[in-house]
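Enquirer: My request is simple: use the sequences and hints to build the entire structure.
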Amino acid sequence: MPVDLSPDATEAEAYAAADAWVREHLPADVLKAALGAEWPEVAAFVADPERSTPWFAALGDAGLSSPTWPCEHGGLGLSAASAGAVTEAVTQYRVGRTMADFVGLALAGPTIIAHGTAAQKERFLGPLARGEHRWCQLFSEPGAGSDLAGLSTRAEQQADGTWVVNGQKVWSSFAHLSDFGLLMARTDPSLPKHRGITYFLVDMTTPGVEARPLRQMTGHAEFNEVFLTEVELPADAVLGELNGGWAVAITTLMQERNGLTGRPAVGDGKADELLRRAHGNGSLEEPVLRDRLLRMLVEERALQMTTLRAYAEAGRGAAGAEGSVRKLVNAQLEEEAGALAAEVDPLTALSWPAGGAVPAPVEEFLAMKTTSIAGGTSEIQRNIIAERLLGLPKDPDPEKDKPFSERPRTS
Amino acid sequence: MPVDLSPDATEAEAYAAADAWVREHLPADVLKAALGAEWPEVAAFVADPERSTPWFAALGDAGLSSPTWPCEHGGLGLSAASAGAVTEAVTQYRVGRTMADFVGLALAGPTIIAHGTAAQKERFLGPLARGEHRWCQLFSEPGAGSDLAGLSTRAEQQADGTWVVNGQKVWSSFAHLSDFGLLMARTDPSLPKHRGITYFLVDMTTPGVEARPLRQMTGHAEFNEVFLTEVELPADAVLGELNGGWAVAITTLMQERNGLTGRPAVGDGKADELLRRAHGNGSLEEPVLRDRLLRMLVEERALQMTTLRAYAEAGRGAAGAEGSVRKLVNAQLEEEAGALAAEVDPLTALSWPAGGAVPAPVEEFLAMKTTSIAGGTSEIQRNIIAERLLGLPKDPDPEKDKPFSERPRTS
Amino acid sequence: MTGETGATASEPAGADDLVEFAWTDEHADLRQAVRRLMATRAPLDRARAVADSGERHDADLWRTMAEQLGLQGLAVPEEHGGFGGTLVDVALVAEEMGTVLHGGPFLPTAVLAPAVLVPLAEHDGEAAALLGRIAAGATTVAVAVAEGRHAWAPGLVTTRATGAPGSERLTGRKDLVLDGADADEVLVLATTDSGPAWFRLDTTDGPRRERCATLDLTRPAATLHLDDVPARRLGGPDTDGAAVADRAALVASVVLAAEQVGGAAEVVRRTAEYVTTRRQFGRPVGSFQGVKHRLADAAVRAEMARSAAYWAAFQRPGTDDFELGALVARSHCSEAFLQTAKDGIQLHGGIGFTWEHDMHLFLRRARLDATLLGDAAAARERLLAHALPDLAPSATEVA
Amino acid sequence: MTGETGATASEPAGADDLVEFAWTDEHADLRQAVRRLMATRAPLDRARAVADSGERHDADLWRTMAEQLGLQGLAVPEEHGGFGGTLVDVALVAEEMGTVLHGGPFLPTAVLAPAVLVPLAEHDGEAAALLGRIAAGATTVAVAVAEGRHAWAPGLVTTRATGAPGSERLTGRKDLVLDGADADEVLVLATTDSGPAWFRLDTTDGPRRERCATLDLTRPAATLHLDDVPARRLGGPDTDGAAVADRAALVASVVLAAEQVGGAAEVVRRTAEYVTTRRQFGRPVGSFQGVKHRLADAAVRAEMARSAAYWAAFQRPGTDDFELGALVARSHCSEAFLQTAKDGIQLHGGIGFTWEHDMHLFLRRARLDATLLGDAAAARERLLAHALPDLAPSATEVA
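Just so you know, the protein sequences line up as chains A, B, C and D, in that order. So the first sequence is numbered by the numbering used here: it starts at 2 and just counts up by one. So the second sequence is numbered by the numbering used here: it starts at 2 and just counts up by one. So the third sequence is numbered by the numbering used here: it starts at 3 and just counts up by one. So the fourth sequence is numbered by the numbering used here: it starts at 3 and just counts up by one.
Check each hint, because a few of them may be wrong.
Stated by the list, open to error - Derived lysine-lysine pairs resembling DSBU-like cross-links, with alpha carbons at most 35 Å apart:
| no. | chain 1 | residue 1 | chain 2 | residue 2 |
| --- | --- | --- | --- | --- |
| 1 | A | K403 | B | K395 |
| 2 | B | K271 | B | K33 |
| 3 | B | K403 | A | K403 |
| 4 | B | K401 | A | K403 |
| 5 | B | K395 | A | K401 |
| 6 | A | K395 | B | K395 |
| 7 | A | K271 | A | K33 |
| 8 | A | K401 | A | K122 |
| 9 | A | K401 | B | K401 |
| 10 | B | K122 | B | K401 |
| 11 | A | K395 | B | K403 |
| 12 | B | K401 | A | K395 |
| 13 | A | K401 | B | K403 |
Quick caveat, the hints were computed from the structure, so don't treat them as lab data.
Expert: Here you go:
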C-alpha cells in the first residue's frame, strides 16, 4: 500500500513521510544498525536476498522506490524535488535499491511510462517498482560505439508479426543477471540511420540470447557482450513506433544523464581520501604532489557544488546538457584520482604480494579511464555541451541522410 | 665577388670560408666589438643604414646572405647543411640580415627560384641577396584566416593583359616598409577554391596599395592591414601558372615552416631567464611556481634538442610537418612563458609608473598568444601534424570542390 | 557506470536545511536592474572609452547607482545606513558588472572597504560613520594592502606605524591600490608593535599618490609613497588587524569570484556567437571539434565557477564552510576566468589579439582578479586544513 | 613571426664540434637487427603470453640475444669482456624493446647491473668478474634499491649492513626488485657506518625472495626480506655507494627514456592506424579534430621525447650536459609516455579498455618506467642547479 502522500507534497512532507515509513517498516535490527552507523551490517541485510527481497517488495508497494511514477503504476506522482527528498530519506539508511537496479528503475521505468502501451505498463512497472525484475541495456555495439545510431543489429518481421533478431551488443552491465533488456535494433536499413531503428523490450531468457562477461583492463568483468542469434520476439515486444526507436532511446539517454539519486552533498570525497593516504605515508610533504591533490579537492568540491545546484534548480527547468557537464568533470576527476592514487603510493601501485588482495591504488589506477569512455565518451559529452548548451553547429555527418545500407563498412 | 667555395664544400669548409670572409671584410671597429661581445655596438652598426647598407651589399655579393641559391643568382649553390654553417659563421658576429628580411630571403627568394621566369629571377634575386629590396607577404585576409585558400581578393585581367586587383590583406609584417609583396589573388571564381588562385609579385609603390598598421593587444603594431584598390599590375607580375597560385604558395609556406637560421643550440633560454627573475625576487621559494618554471625549462630544452635534431638530420630528408611540431611547441612555450612572467612578478605585471617603460612581464604576458595564432594557428599545426606526419584523414570540407563563387559568405 | 564523487549524504538530515541556491524573486529583480543599468549606461564599449580617455570613471553613473539602486550600500549593514544585502546580492551585482568589465571605484569602495570596515565599526564610530557615507554614495574609498610582489598578505606588510595612539604616522609603500590616486579616503594596513592594524590616511597631508599605468585598463590604480604621513588607527584596542584583513579577503573573494563568473561566461557567450557565424573550410568554425571541445571545456569551467562562487555566497561568513567555499571559489574561479580568457582569444584567431577587439580586455581583468586577493595556489594550501582537520587544528587562523 | 626560443648560438664555435644526432650505419644496423629479432621472437603477443603463463621470461630468446647479438654485453666495457657499446647503442636497443614491451631480465641484468658495476669494478675484481659473466649471457642480476615508497633514493635507504668487512650481513626489506625472485645474483644498496654501499647478496643463504604480483605484467618483481643475511661488499674502500647509485640512475634514465620513446611512439602508431580505419558518424574517427588534435599532441610529445632521450645519450657520462640531458629526459619522457598511453586508451574507446586489447599494457609499463628511477618532479628539482648554477655550487652532488 502506498505511503500516504499527496502528489503535491512539499519536500519536507515527502521527506518526513518516507522517513517515518522506513523507521516503521525496516526490520528493527537493521534500523538499529543504520542509526548506529554500523554500515557493514546494513550492507549484509541488503545483500541477503532472503531478507532484502520482501523489504524491497514492501518499499516498492509503498511507492518509495519510484516516487515520480504515476500513482496507478507503483509511484507517488511526486515532483522531482519531492521525489528527491523521498530518495534521500531512504538513502540515509542505505536500504534503497542498489546500482544493479539503476537500468530498471532509472531508465526502463521512465521510458516505458513515456512510450509504453497500457499493457506494457501493466506488465512491467509494478514488478519493477517491487524489485522483481532486473533490467539491462542493449544499445552499444562493437561497430557503433559513440555513434549509437550506427547500430547493425537486425530485427526482421515475420509474416505472423513476430520478430527475429540477429546481432551483437556490448557494454551491457548486469546483462547476465537480468530478466529483461532494452534493445535497439535496425528494422529498415533502406532508411537513413536514425530512422530505421525500433526499440524492443526483450525477455533475456529467450533462446538465442547469450551474455558473456567482458574482461576490462582492471581484470574485472563489470560489463558483458550479448550475442543475439535468431532470437524470436513477440509482436508486442516493440516499444513505441515501428522505426521510431531513436526517439524512444533519447528518453532513455536523457534519463541516464539526469539520474540523480538523492540530494547531493558537499563534503568528504575521493580527494580527501587521497590526502589522508598521502598524509599517512609522508608523500604529502612533496609540494608538487600536494598541490595536485589540493587542486583535485577544489575540482571535486566544485563538482559537488554544481551537482547540488543542478538538484536545487531542477524544479526550474534544468538544461539537458547539464548531465554531460557533470559526467565530463566526473570523468576527469576519476582519471586524476587514479593517476594520483599511484603517485601517492607509487611502489604499492607497482607490486604487491602475489595472491593477495589487489591494493586500492592499483584498482584505482587501472580504472581511471572507465568513466571517460563508458556511458558516452568525454568527446561525446563535449559535443553535447557545445551543441546543446552553447548552440554550436553539429559536425558534418556525410551519411546522416543516406540509407543505412549504403554506408561504407567500418573495418 | 662571391667567396671562393665549391658547391660541394663541407660544413667545416663553408664555415671556415665564411668566417674568414667576415673577419676580413667587417669594419674593424665592428669586428672588435663582436669579438669582445659588445653587442650594443654591433646592434648600432646594423641599425645604421649608412653603414649597414654597403655591408649587406658586400655580404650579398659574396653570396653569404643566400648560400643555398644558385651561383648565377647571387648564391653559392651549397647544401642545406653547409649553408647552415655559413649562416652560423655570420650569425656569430650578429651582423647578418635582420628579421625584417626574413620574407625576402627565406620566402620570396626560394619561391622565385622555384617558379620564376628567367627575367623575374634576373630582376629580383640579385637585389634581394644584396639587401636592396624588402619584401612582405600578402596572403591572409580578414575573411580567410586559417583557410588561406578561401581568399576573396580579386585580380581581373584586362584586354591588354594587365591586371586590376581589389581586396584586403591582413597580418603583413613590415608591409609599410616593403618594396615588393608576395600576393595571392583570385583570378577565376568559377573554379574550386584552390584552383582559381594566381600568385603575383607586387611593386608596393603601385597606386592603390595602402598599408595601415594594425594594433595588437600588446599595444604595438607589428602587423599591417593592406588595402588593394584598383591596383594595376603588369602582365609579367604573375609568378608561376595562371590559376596555379596555390602550388606556388605551398613552396612559400614550406619555406616558412622550415626556416631555420643557423645552427640551433641547447642552452640558456626563456625559462632560465624566468628562473633568474624568480630567484631574484624570492618567488622561486614558492614550490608550485618553481615546478612550473622547471617544467618549462624541460620543455624548452626538449624543443631545443628537437630543433637541433631536425637540423642535424635535415640532410637525410626532414619531414615537412616537422616545422609544425616545432611551431606548435614554441607557441605553447610562449604562452606559458607569458603566463609565468606575470606569476613571477605579479604586481609588476599589473601596474607600473604611468609614462614609464612597460615592464617586461607585461609585454610578455600580453604577447603570450601571438605565436599560437600568427603564422598559422596551433589548431592548423595540429591538423598538419595529424595529416602529414601520422597520415590521418582530412576533415571534410563541403566546399572544397565547389566553384568558389557558390560558397556561402561568412559574416 | 560509476557514481558521482561524494554525492550522497551519509548522515540523516532534514530536507529543510537546504539553503544553497535558494533563489528568490528579489535576487532576480536585483540582477535584472543591474543588467539593465549596465546595458544602457555601462556597456563594454563605454568601459573602453572611459579607459581610453584617461577618466577615472563615469561620475553620473556612480550617482545613478547610488540613488536609483543603492548599490554602494548593498554590502553595508542597515545599522550603518546601508541596505544590508546578503553576500548573494553583492555577488549578483558583481557578476553582472563582470559581464561588461565595469571598473572604477565600485570594487574598492563598495566591496573591499565595507568588508574591512564592518568589523572595525563594532568598536569605532569613525569606521561606522565612514560606512554610512559609503552607503550614501557620498565618498569613495581605496584599500591599501599590497606591497612588493605580495598582493594581499597581511603577515608580510612592512609599512610601519609609529607614534602615540591618536597621532600615528605611517612610513612605507603600498602598491596596486585600486582607485588609490583619486579616492576620497584611503584605508591602510600597517604594522604596529602589537601586530598589523588598520589606519585611515589623512589624504590632505603628505601621502604621494602616484598614478600608475595598469594592465586592466578599466581599473585605475596607484602606488602610495608614505613618508611619515599622519593617519588615524581604526577599530578597538583589541582589534586584530590581520584577522580583519583575512576576513575581508574571504568575503571579497566570493564577490570577486562572482565577477570572474560574469567575465568567463561572457567570454564563452561571445566566442560561441563568433564561431557560429565565422566560416572556414566551407563550414562554421564552431563545427570543428578543435573549436567545440575547447569551448565546451570553457563552458564547463564557467558553470563550475558559478556553482562555486554562489555556494560560497550562500554560506554564513565566519563558518568553516564559508572559508572552504571562499577558498574553493578563489582557486577555481581565478584559474577558470584566466584560462577562459586565453581560450577566447585563441578561438577568435587573428581578430582576437587585435587592440580593437574586446577579448584582451577580459584577459587583462582575469589577470588582475587572479592576483588581487592572493593567488590560487595559496588558497589551495589553506584548504589542506579543511580536508585534514587533524593535521592543523588552527585551520581558521590567519595565514 | 617570433624566433624559436634560444635557438641561436651566442658564442663563435666551429662546425665540427656538432656530435649530437650523428647517426652511423652501425646504429642503423643494430636497430634493424634488434627490430628483426623482436618481430620474429618477441612480438607484443609473446610478451603477453609469457606474462599469462606466469613464466619469468623466454630463456631461448635470452640465449639468442647473447649469442647472436651480444646484447647483454653491450653496456659492458671491452676490458670486462663486453662489447663496449655507447649509450646510444644501448638506447637504440631499449627503444626497439620498448616498442614491443619486451620485459624480463634485460633491464636489470643488462642495463641496471652494468651501470652499478662498472664504477665498482675499478677497484674490485669480483665486480669485474660479474660484468664478464653478464656480458657472456651467463648470469642474471637484480638490483635492489627501492624501499617503502621510495623507488631510487640512495639517501633514504634503511636496509642496514652490520659485521666486519668481509663478513657483512644485511637486515632490511627491499621492494620492487625487478627479476628479484629469480635472478642468479642480487646487488643491494645498504647503509653502513660510512654511508651507503653496494653488496652482493649470498643468494644461497637466507634471503626470503617474495615473488610479487606486478602492475607491469611483463616485468616480474619481488620483495626481498633480508633478516641478517650474509653479503659481500663491492667496490674499493673509498667507493661512495650513493654516488655510484646516482650515476647508475642517470645512465639508466637515458636508457629508460629510450624505452619510453619506443613505447610512446608505438602507441601513437597503433592509434593512428586504428582511428584511420574505425568509422563513426559516417567518417573515419581520425577525421574528427577531437581525435586528430589529441593524437597530434601525442606525436609531438613522442618526437620531443626522442630528441631528449638521444640528445642525452650523445653526451659523455659524468659531464654537466649529461646530467642535464638525463634529467630532462627523465622528466619529459616519463610524462610523455604516461600521457600518451592514457590518450591511446581514450582514442581506442571501449575496445581500448578491455583486457584483450594491448593498450593497457603500455599504460602499465609507462607507470613503472615513470617511477623506477625516481619521479619527474624530483628530476626537475635537480635541474634548478643547472639553470641557476650560482644558486647551488654543488650542483652535481648526490641528491
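Enquirer: If a hint holds in the structure, say so; if it doesn't, say that too.
Expert: Evaluated hints:
| no. | hint | in the structure |
| --- | --- | --- |
| 1 | A:K403 with B:K395 | holds (21 Å) |
| 2 | B:K271 with B:K33 | holds (28 Å) |
| 3 | B:K403 with A:K403 | holds (21 Å) |
| 4 | B:K401 with A:K403 | holds (21 Å) |
| 5 | B:K395 with A:K401 | holds (19 Å) |
| 6 | A:K395 with B:K395 | holds (17 Å) |
| 7 | A:K271 with A:K33 | holds (28 Å) |
| 8 | A:K401 with A:K122 | holds (33 Å) |
| 9 | A:K401 with B:K401 | holds (20 Å) |
| 10 | B:K122 with B:K401 | holds (33 Å) |
| 11 | A:K395 with B:K403 | holds (21 Å) |
| 12 | B:K401 with A:K395 | holds (19 Å) |
| 13 | A:K401 with B:K403 | holds (21 Å) |
This entry satisfies every hint, going by the numbered hints stated previously.
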